[in-house]
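As they're listed, the protein sequences go chains A and R. Under the working numbering, the first residue of the first sequence is numbered 1, with each subsequent residue one higher. Under the working numbering, the first residue of the second sequence is numbered 1001, with each subsequent residue one higher.
Keep in mind that the hints are not guaranteed to be accurate.
Straight-line distance between alpha carbons at most 30 Å, and here's what the computed BS3-like set of lysine-lysine pairs gives [said to hold, decoys possible]:
hint, chain 1, residue 1, chain 2, residue 2
1, A, Lys96, A, Lys63
2, A, Lys60, A, Lys10
3, A, Lys78, R, Lys1080
4, R, Lys1196, R, Lys1016
5, A, Lys10, R, Lys1126
6, A, Lys78, A, Lys60
7, R, Lys1065, A, Lys36
8, R, Lys1015, A, Lys96
9, A, Lys82, R, Lys1016
10, A, Lys69, A, Lys96
11, R, Lys1015, A, Lys82
12, R, Lys1080, A, Lys36
13, R, Lys1015, R, Lys1196
14, R, Lys1052, R, Lys1065
15, R, Lys1172, R, Lys1196
16, A, Lys60, R, Lys1065
17, A, Lys10, A, Lys82
18, R, Lys1172, A, Lys82
19, A, Lys60, R, Lys1069
20, A, Lys78, R, Lys1052
21, R, Lys1126, A, Lys78
22, A, Lys60, R, Lys1052
23, A, Lys69, A, Lys10
24, R, Lys1069, A, Lys69
25, A, Lys10, R, Lys1080
26, A, Lys96, A, Lys82
27, A, Lys78, R, Lys1116
28, A, Lys36, A, Lys63
29, A, Lys63, R, Lys1065
30, R, Lys1052, A, Lys36
31, A, Lys60, R, Lys1015
32, R, Lys1065, A, Lys96
33, R, Lys1052, A, Lys63
34, R, Lys1016, A, Lys63
35, A, Lys63, R, Lys1126
36, R, Lys1015, A, Lys36
37, A, Lys10, R, Lys1052
Hints listed in this document are in silico derivations from the structure and should not be mistaken for laboratory results. All values reported here derive from a predicted model rather than from experimental measurement.
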Amino acid sequence: MKNPIGNLNKIFDSRIRMGVMSVLLVNDEVNFNDLKQLLELTDGNLASHLTNLEENGYIKIHKGFIGRKTNTTYSITKAGQKAFTEHLEALENMIKNVK
Amino acid sequence: MNSETSSLEALHDIKKMMERSSRFISLSGWSGIAAGICALVGAGYAHHILAKYANETISTNPGLKEDFKNPATRGEYFFKYGDNVLFHQLLQIAIFTFAAALILAFIFTYIRSTRKGVPMWGFVAKRLMWNTMLPLIAGGLVLLRMMQMGYFELVAPCSLVFYGLALIHASKYTLGEVRYLGYGELLLGLVSLWVKGYSIYFWAFGFGILHIIYGIIMWWKYERTSN
């Protein structure tokens, strides 16, 4: 039998990165402040995790403006969708194997 | 480390985050109950004013008695003999009832969302507002135009229809049960289109009783235990 733990994605071990991916999987586009509010985080904490996810190609960053204020929004990439869904399946399999 | 429980926890967290970021779930059952009571009081008062008006008209013009007693013609006669004072009174009641219901509903939901630590004005709430208000405002304009053109009898049934459609649409962005309330309002509105002379009762049932029933069920299901 295949080892189910092998499919778990190390990148999503962090609760914050897992939270970001969960939010972005069900929403087309979410801006920085909304993400911060949803995940109950501070600026610096969230920013580093977002950079990490972007470097892995799981999320896209879009810098825009609302009037003069910058409005940075984030969305999930195809690769991110695939990786996170696989991670979810791996988690589910682990639970199924116990039963 | 026990990896089974941690993956169960992880899945639980993921589900929670998905839900929290896609639906506004702090809608309080009390909001429904309060809105329903406002509607019943408003409808009761409007009914009282209409009855008073009918009695006054009959006393000066006894020949109209049968027409006012008969539900099939009652509506027409109100609009045929009704004056601007009557319509303004009814419109004022409608606006006051709507405002009171909205404010009370807002207050109870605000209390619940602060208790749960969910921001009232997060993007989830804004999305719900937009998706509810859009069909309601469009419907409101249609109703206004109906009144201008003199189709007063259609106003109460159509307000139920538009409200039902708005709820069905909004249910994607909040508690899924809102959809069933929407079906109820829509059905009542459609039936009421064909039952002449009873629209105020349909209206009172839809906006009053259905809201209260919905509110009690929601409170029972989600809030009873959390207090």
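Q) Which of the stated hints cannot be reconciled with the structure, identified by number in ascending sequence? A) 1, 3, 4, 5, 7, 10, 12, 13, 15, 16, 19, 20, 22, 23, 24, 25, 27, 29, 30, 32, 33, 37
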